[in-house]
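J.: Using the sequences and the hints given, assemble the complete structure.
The lines below spell out each chain.
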Amino acid sequence: MSLNKKNEGMDADGDGILDAGRLVQGTYQYTEKPGGHLGARAFRVGSRIKKGKKSVFVEGPTQVVERDTDGDGLFTSADPSRIDRTGAGTTMYIHRGGSDAVGTVNTWSAGCQTIPKNRYSIFLSHIPVNATFYYVLINAGA
Amino acid sequence: MRIAFFLTSCFFVAMAHAGGSAPDLPTTCAFGAFVNETDPAGLNVRQSPSATAKILGTLPANYEDPDSPMVVRVELSVLASQNGWFLIDGASDNTMLTEKPARPMYAGKGWVSGKKLAIKTQASKARLAPNGAAATAFLVGNVLDGDSLSKPAQLIACTGKWVQIEYSLSEIPKGDLPEIKINPAAKNGAQKGRVRGWVNRICATQETSCDGLGNEP
Chain A
1 MSLNKKNEGM DADGDGILDA GRLVQGTYQY TEKPGGHLGA RAFRVGSRIK KGKKSVFVEG
61 PTQVVERDTD GDGLFTSADP SRIDRTGAGT TMYIHRGGSD AVGTVNTWSA GCQTIPKNRY
121 SIFLSHIPVN ATFYYVLINA GA
Chain B
1 MRIAFFLTSC FFVAMAHAGG SAPDLPTTCA FGAFVNETDP AGLNVRQSPS ATAKILGTLP
61 ANYEDPDSPM VVRVELSVLA SQNGWFLIDG ASDNTMLTEK PARPMYAGKG WVSGKKLAIK
121 TQASKARLAP NGAAATAFLV GNVLDGDSLS KPAQLIACTG KWVQIEYSLS EIPKGDLPEI
181 KINPAAKNGA QKGRVRGWVN RICATQETSC DGLGNEP
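As they're listed, the protein sequences go chains A and B. So that you can map any letter, position 97 of the first sequence is 97 in the numbering used here, and since no number is skipped, the others follow by simple counting. So that you can map any letter, position 136 of the second sequence is 136 in the numbering used here, and since no number is skipped, the others follow by simple counting.
These are computed hints drawn from the structure, not numbers from a lab. Computed from a prediction, not measured in an experiment: that's the story for all the values here. Heads up, a few of these hints could be off.
Calculated pairs, SDA-like style, for lysine to any residue (alpha carbon to alpha carbon, straight line, at most 25 Å) [unchecked claim]:
| hint | chain 1 | residue 1 | chain 2 | residue 2 |
| --- | --- | --- | --- | --- |
| 1 | B | Lys100 | A | Val102 |
| 2 | B | Lys116 | B | Asn62 |
| 3 | B | Lys116 | B | Gly57 |
| 4 | A | Lys50 | B | Leu177 |
| 5 | A | Lys54 | B | Gly175 |
T.: Given below as structure tokens:
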């Protein structure tokens, strides 16, 4: 999900301000995202079915996100109407992000799950092409 | 006001080039796109929608990351289209992705060919007309998502938040062609081996997906 000025965003609480969102904790089924992302493999909620010799992508369910509706830069229970069950669609991908070997880390995304690009090849080496896998997201601060 | 004057000026230039015949009028639109230029000399930005119009400046070629297969394109806003040309503004490098200082480039208004522009869309369908009720031209979502759409597509026209693309079928593995369910009408007006369709839900962000577009009806 975009962090920058081009963010389409979602005005979840109707105050006229686009609210950043992030994936809520839970268990998600991801699979290879058709087309990848920025020249690398990436993953999207869904699964794959066999059609003859082919493996065909089937989109997963809509993802629930929480939003920083008061715009203070923090995701907290004080954000009114913070749970958005429809606005994100299935856009919370897993993809490559900025390096974490630098002083100021930029993950490239607020809501997507990103792996630092300097570690991405290791991450990919554990996931066979076109595999479907479960991704468990926990909120360690909760 | 400046935009209106610019469009009017370009309209008269186009009239002169057409020898007085009635040309298509520019249609206004508003979306973000990327430059898809591999020529190291860059892409010319012109004063009017013509390959012979005065060159106002250039936009640099795609940035290729030396450490990965990542290609980063110049980003810009599109304001209008006419005869396969697009009025652009605000071109800039995505320095967060390149991790390099921004390259010098022309950042003002001007026209570029749609053959050198690319978009990302989160639409699930390309349609035969720029509205959500129009018949499906071909499916986008499951096979032609994001990067795979932006590479081989060229832009034909735009209106509002809709963009007409022409997509090369040669980029799609033959086995996947049935999956995108091409409407025969999508071949109308397109070059051989290509199909045309209108998409919305444009995501003008290279580094990630766009949130907030919701589910498509």
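J.: Now tell me if each hint is right for this structure.
T.: Hints versus structure:
1. Lys100(B) with Val102(A): 14 Å, holds
2. Lys116(B) with Asn62(B): 11 Å, holds
3. Lys116(B) with Gly57(B): It holds: about 15 Å lies between the C-alpha atoms, which stays within 25 Å.
4. Lys50(A) with Leu177(B): 16 Å, holds
5. Lys54(A) with Gly175(B): 8 Å, holds
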